[in-house]
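Novice: Now for the letters of each chain:
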Amino acid sequence: MRKEKRIVIIGLDGVPYRLLKGLAEKSVMPNTGSIIKEGIFRKLQSSIPEVSSVAWSSVITGANPGEHGIFGFMDLAPGTYRLRFPNFNDLKKPPFWNKIKGKSVIINVPSTYPVKELNGIHISGFISPRVEKSVYPATLLPELKELDYRVDVDSSKAHKSLELFLADLDKTLKARIRTFRWLWEEDWEIFMLVFTGTDRLMHFLWDAYEDKNHRYHQDFLSHFRQIDEVIGEVKSKISNQDSLIMLSDHGFEHLDKDIYINHLLRREGFLKLQDVREPTWSNIDHPTKAFALDPARIYLNLKNKYPRGAVEPEDKEGILRDLRSLFNSLEVDNKKVIRDVYRKEEIYSGLLLEQAPDLVLIGNKGFNLKATLKANKLADKGIFTGKHTQDDAFLLVKGYNITNVRENPTVSDVVDIMK
Amino acid sequence: MIKDSQLYLVTGGAGFIGCNLVRRLVALGKKIRIFDNFSTGKRENLRNLHRKIEIIEGDLRDLALVMEATKKVKIIFHEAALPSISRSVIAPNTTNDVNITGTLNLLQAARANGVKRLIYASSSSVYGNSPKLPKDEKMATNPISPYAVSKLAGEGYCQAFHHIYGLETVILRYFNIFGPYQDPASEYSGVIAKFINAFLDNAPLTVYGDGEQSRDFTYVDDVVEANLTAASCSSDNSGEIFNVARGKMVTLNQMIEILKALFKQNPKVIYTAPRPGDVRHSLAEVSKLKERLNFLAKASFAEGLKKTVQWYESKRRTIEDSRLP
Ligand SMILES: NC(=O)c1ccc[n+]([C@@H]2O[C@H](COP(=O)([O-])OP(=O)(O)OC[C@H]3O[C@@H](n4cnc5c(N)ncnc54)[C@H](O)[C@@H]3O)[C@@H](O)[C@H]2O)c1
Ligand SMILES: [Zn+2]
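As you go down the protein sequences, you meet chains W and B in turn. According to the numbering used here, the stretch in the first sequence is residues 1 to 419, in order. According to the numbering used here, the stretch in the second sequence is residues 1 to 325, in order.
Worth flagging that the hints you see were computed from the coordinates, not collected in a lab. Warning: the hint list may mix true and false statements.
Quick list of in silico lysine-lysine cross-link-like pairs, DSSO-like style, CA-CA up to 27 Å [said to hold, decoys possible]:
1) W:Lys-145 - B:Lys-315
2) W:Lys-272 - B:Lys-264
3) B:Lys-268 - W:Lys-92
4) W:Lys-171 - B:Lys-42
5) B:Lys-260 - W:Lys-133
6) W:Lys-305 - B:Lys-268
7) B:Lys-260 - W:Lys-93
8) B:Lys-268 - W:Lys-99
9) B:Lys-52 - W:Lys-133
10) W:Lys-171 - B:Lys-290
11) B:Lys-260 - W:Lys-116
12) B:Lys-42 - W:Lys-157
13) B:Lys-307 - W:Lys-133
14) B:Lys-264 - W:Lys-374
15) W:Lys-305 - B:Lys-306
16) B:Lys-52 - W:Lys-160
17) B:Lys-315 - W:Lys-160
18) B:Lys-52 - W:Lys-157
19) W:Lys-374 - B:Lys-42
20) W:Lys-116 - B:Lys-268
21) W:Lys-133 - B:Lys-268
22) B:Lys-194 - W:Lys-92
23) W:Lys-171 - W:Lys-160
24) W:Lys-157 - B:Lys-315
25) B:Lys-260 - W:Lys-305
26) W:Lys-133 - B:Lys-74
27) B:Lys-74 - W:Lys-370
28) W:Lys-305 - B:Lys-264
29) B:Lys-194 - W:Lys-145
30) W:Lys-92 - B:Lys-260
31) B:Lys-74 - B:Lys-290
32) B:Lys-194 - W:Lys-116
33) W:Lys-133 - B:Lys-315
34) W:Lys-92 - B:Lys-264
35) W:Lys-377 - W:Lys-365
36) B:Lys-290 - W:Lys-374
37) B:Lys-260 - W:Lys-303
Taking the hints into account, I'd like the entire structure generated from these sequences.
Specialist: Structure representation (structure tokens):
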């Protein structure tokens, strides 16, 4: 017997509201188009910062980073300048699947490595460095190997050739779809599947979307067409009792310039490295007042917090003020670079507020903020043509629970819709 | 002395110890051939080496191919084997074929092709579970698994080929080797790789028993040096057996403390029931190695562990970087 009120969640990493709307209208994504007509389709606010690890952690826990503890892809290990990637073990709030009675199938949600025991099946999404810890139960590993399942496209390929990248992207997508079909046949109450190739595709080939004459325009559309076919399958397989939630974790737009925040901090004397030939965080020198971690999280180098901490508590406010005015006045190509400078207290709440960055910056249109220490100029243009946006992710809901959708939803509101 | 034009063959060169040895030989500018069937060894272990070495993909059980692979070779480092005790318990015949027949094939081929010397990777498991510590080379052997039997049989063949055919053979009994490129599934020192991965995952550690069990953990670079020493030492040492280890014991709890300090992390440690059949302590007597070959392991356990951690961290970062756009 089929259970009633099942929930299917389909995530499309990084897909902006207006891109989905456009592809649905242009009938690249007709199935999505018909769901838009039947359901509720809204813009969704991403997390701050607008990166997948933070946003998906909020999606699955319903909490903000001050509660769930994931502030970015990288963090410094407490009390050190050693870079580490926080993972599912660092997530301090339980994901929704730990709170329901029924079985869940969870596929490819970013930042859910390493997997833990659950009532159901879990394949973690990027970054999942080791397969052995990416699949629960581990007995599924041989079959996944058979299906040629892979966590993600190898982005380093794009730096060699876009042709190779697209081939790998397509392989990864097809294997993910095979895996979706296989696991759909399991018994479950909640089925969640995230497509993450979309984010990679838009990073490297946003211009191929915008420009109809671009040589990879059709490849770009074909990726979305294949995803829409899956959405069509899902739609035909669920009943009116069930609910379908589609969403993205952040949006995307054209990238004009990469802006290197740590370069700015060095130039303005806030950041000093012990040895400039080895630009890593573990090389942060004593006089440093502030440094950044990706994408644009600013941390004060507080005394007693870091090994070479220099900022005394009484100097904190003054430095924050100086930083704010520095960021607010920053211009490149006669355009204001930074849209918002947030203090942690404004955007986060919860027990882990202490660990949060002191400031978080959001860039203006076209400006991609980055924290690498290796850059030797403030602004540059690299291989990427697309960048994340904070305010135009999407949420599309069809089914019994559409009344739960808030007027201006954020990524932390998604679990409430499942109720 | 080793001359540079000589060709070295490393069997099992794609495995943990083999690939470390190969990297060292490459750094020394030696001519190297690898023979491996990539069963437990990994191609990625040889990354960036392909242009510097010759690789023959083949199986030790294939005598004709082993003949081919040993042509023009002066020195053989015989690292290839199925190194798993549990596997040997499940399928003793395969272990027997690879480790015994395979070694015999290699010795035969070495003799036929005029190879000067073969260094054989044996194992502390030949001592079995006798409580006497430290283990010295004169002790009676007491193999208790098919794997240990197979490694001991390989030793016997090496000695026989020395005595009867005059092929120079040196036998090295490795204790618990650890370091870069180790498969966490390894039964010897896999625990080190497992713990490091747990630290990197910020996951709890699982210890079987009370954590006071100890091993003579030896850093792989020292094993590599011991092999080079065995390759260049005087012919008087042919047919001899040497323990290769640091000669010091380290408990799992001590190891965890060192890792906590290296990572500045304090993970939960879960102690569970001891695994049946696990020996409590293992320790090597290393005076023979010192006296006859003037060899002492250089790396302290903490130094070896630190280098191993760095290797796992940088490997992890490479994967992470490739997965981030
Ligand atoms: N790792 C230790 O602590 C330890 C301790 C004692 C002894 N040893 C011995 O050291 C040697 C190397 O061990 P390791 O830890 O590097 O193991 P490993 O499994 O990493 O390496 C063994 C290599 O041999 C190859 N191989 C296996 N069967 C083969 C066959 N039939 N034909 C050709 N190649 C084959 C494998 O592909 C692999 O590359 C083994 O002989 C093992 O018994 C290791
Ligand atoms: Zn992205």
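Novice: Next, verify each hint and record whether it holds.
Specialist: Status of each hint after checking the structure:
Distance check on the hinted pair: Lys-145 (chain W) and Lys-315 (chain B) sit about 22 Å apart at the alpha-carbon level, within 27 Å; holds. For the hint pairing Lys-272 (chain W) with Lys-264 (chain B), the CA-to-CA distance comes to about 24 Å; that is within 27 Å, so the pair holds. The suggested pairing of Lys-268 (chain B) with Lys-92 (chain W) holds, with an alpha-carbon distance near 15 Å, which does not exceed 27 Å. With a CA separation close to 23 Å, the supplied pair Lys-171 (chain W) and Lys-42 (chain B) stays within the 27 Å bound.
At roughly 22 Å between alpha-carbon atoms, Lys-260 (chain B) and Lys-133 (chain W) fall within 27 Å of each other, so this suggested pair holds. Among the hinted pairs, Lys-305 (chain W) with Lys-268 (chain B) is consistent with the structure: their alpha-carbon atoms are about 23 Å apart, no more than 27 Å. Distance hint between Lys-260 (chain B) and Lys-93 (chain W) is fulfilled; the C-alpha atoms sit about 25 Å from each other, no more than 27 Å. A threshold of 27 Å between alpha carbons decides the hint, and for Lys-268 (chain B) with Lys-99 (chain W) the separation of about 24 Å falls inside it, so the pair holds.
Distance restraint check for Lys-52 (chain B) and Lys-133 (chain W): the Cα-Cα separation of roughly 34 Å exceeds the 27 Å cut-off, and the hinted pair is therefore not satisfied. At roughly 56 Å between alpha-carbon atoms, Lys-171 (chain W) and Lys-290 (chain B) are farther apart than 27 Å, so this suggested pair is violated. Between the alpha carbons of Lys-260 (chain B) and Lys-116 (chain W) the distance comes to roughly 23 Å, so the proposed pair stays at or under 27 Å and holds. For the proposed pair Lys-42 (chain B) and Lys-157 (chain W), the alpha carbon gap of about 22 Å is at most 27 Å, so the pair holds.
For the hint pairing Lys-307 (chain B) with Lys-133 (chain W), the CA-to-CA distance comes to about 24 Å; that is within 27 Å, so the pair holds. At most 27 Å may separate the alpha-carbon atoms for a hinted pair to count; Lys-264 (chain B) and Lys-374 (chain W) meet this at roughly 26 Å. For the hint linking Lys-305 (chain W) to Lys-306 (chain B), the alpha-carbon distance of about 24 Å falls within 27 Å, and the restraint holds. Of the supplied pair hints, the one linking Lys-52 (chain B) and Lys-160 (chain W) holds, its CA atoms being roughly 24 Å apart against a limit of 27 Å.
At most 27 Å may separate the alpha-carbon atoms for a hinted pair to count; Lys-315 (chain B) and Lys-160 (chain W) meet this at roughly 21 Å. Annotation: proposed proximity of Lys-52 (chain B) to Lys-157 (chain W) holds, straight-line Cα distance about 24 Å (limit 27 Å). For a cut-off of 27 Å, the pair hint linking Lys-374 (chain W) to Lys-42 (chain B) is broken: about 33 Å separates their Cα positions. Proposed proximity of Lys-116 (chain W) and Lys-268 (chain B) is supported: the alpha carbons are some 15 Å apart, at most 27 Å.
For the given pair, Lys-133 (chain W) sits about 18 Å from Lys-268 (chain B) by alpha-carbon distance, which is consistent with the 27 Å threshold. Among the hinted pairs, Lys-194 (chain B) with Lys-92 (chain W) is consistent with the structure: their alpha-carbon atoms are about 24 Å apart, no more than 27 Å. About 17 Å separates the Cα atoms of Lys-171 (chain W) and Lys-160 (chain W), which keeps this hinted pair within 27 Å; it holds. Between Lys-157 (chain W) and Lys-315 (chain B) the alpha-carbon distance is near 18 Å, which keeps this suggested pair within the 27 Å criterion.
With a C-alpha separation of about 19 Å, the suggested pair Lys-260 (chain B) and Lys-305 (chain W) falls inside the 27 Å cut-off, and the hint holds. For the given pair, Lys-133 (chain W) sits about 44 Å from Lys-74 (chain B) by alpha-carbon distance, which is inconsistent with the 27 Å threshold. Distance check on the hinted pair: Lys-74 (chain B) and Lys-370 (chain W) sit about 55 Å apart at the alpha-carbon level, beyond 27 Å; violated. At roughly 14 Å between alpha-carbon atoms, Lys-305 (chain W) and Lys-264 (chain B) fall within 27 Å of each other, so this suggested pair holds.
The hinted pair formed by Lys-194 (chain B) and Lys-145 (chain W) meets the criterion: a straight-line CA distance of about 22 Å does not exceed 27 Å. Distance hint between Lys-92 (chain W) and Lys-260 (chain B) is fulfilled; the C-alpha atoms sit about 21 Å from each other, no more than 27 Å. With a C-alpha separation of about 25 Å, the suggested pair Lys-74 (chain B) and Lys-290 (chain B) falls inside the 27 Å cut-off, and the hint holds. Among the hinted pairs, Lys-194 (chain B) with Lys-116 (chain W) is consistent with the structure: their alpha-carbon atoms are about 17 Å apart, no more than 27 Å.
Distance check on the hinted pair: Lys-133 (chain W) and Lys-315 (chain B) sit about 16 Å apart at the alpha-carbon level, within 27 Å; holds. With a C-alpha separation of about 20 Å, the suggested pair Lys-92 (chain W) and Lys-264 (chain B) falls inside the 27 Å cut-off, and the hint holds. Taken as a hint, the Lys-377 (chain W) and Lys-365 (chain W) pair is honoured in the structure, with Cα atoms around 20 Å apart against an allowance of 27 Å. With a C-alpha separation of about 48 Å, the suggested pair Lys-290 (chain B) and Lys-374 (chain W) falls outside the 27 Å cut-off, and the hint is violated.
Taken as a hint, the Lys-260 (chain B) and Lys-303 (chain W) pair is honoured in the structure, with Cα atoms around 23 Å apart against an allowance of 27 Å.
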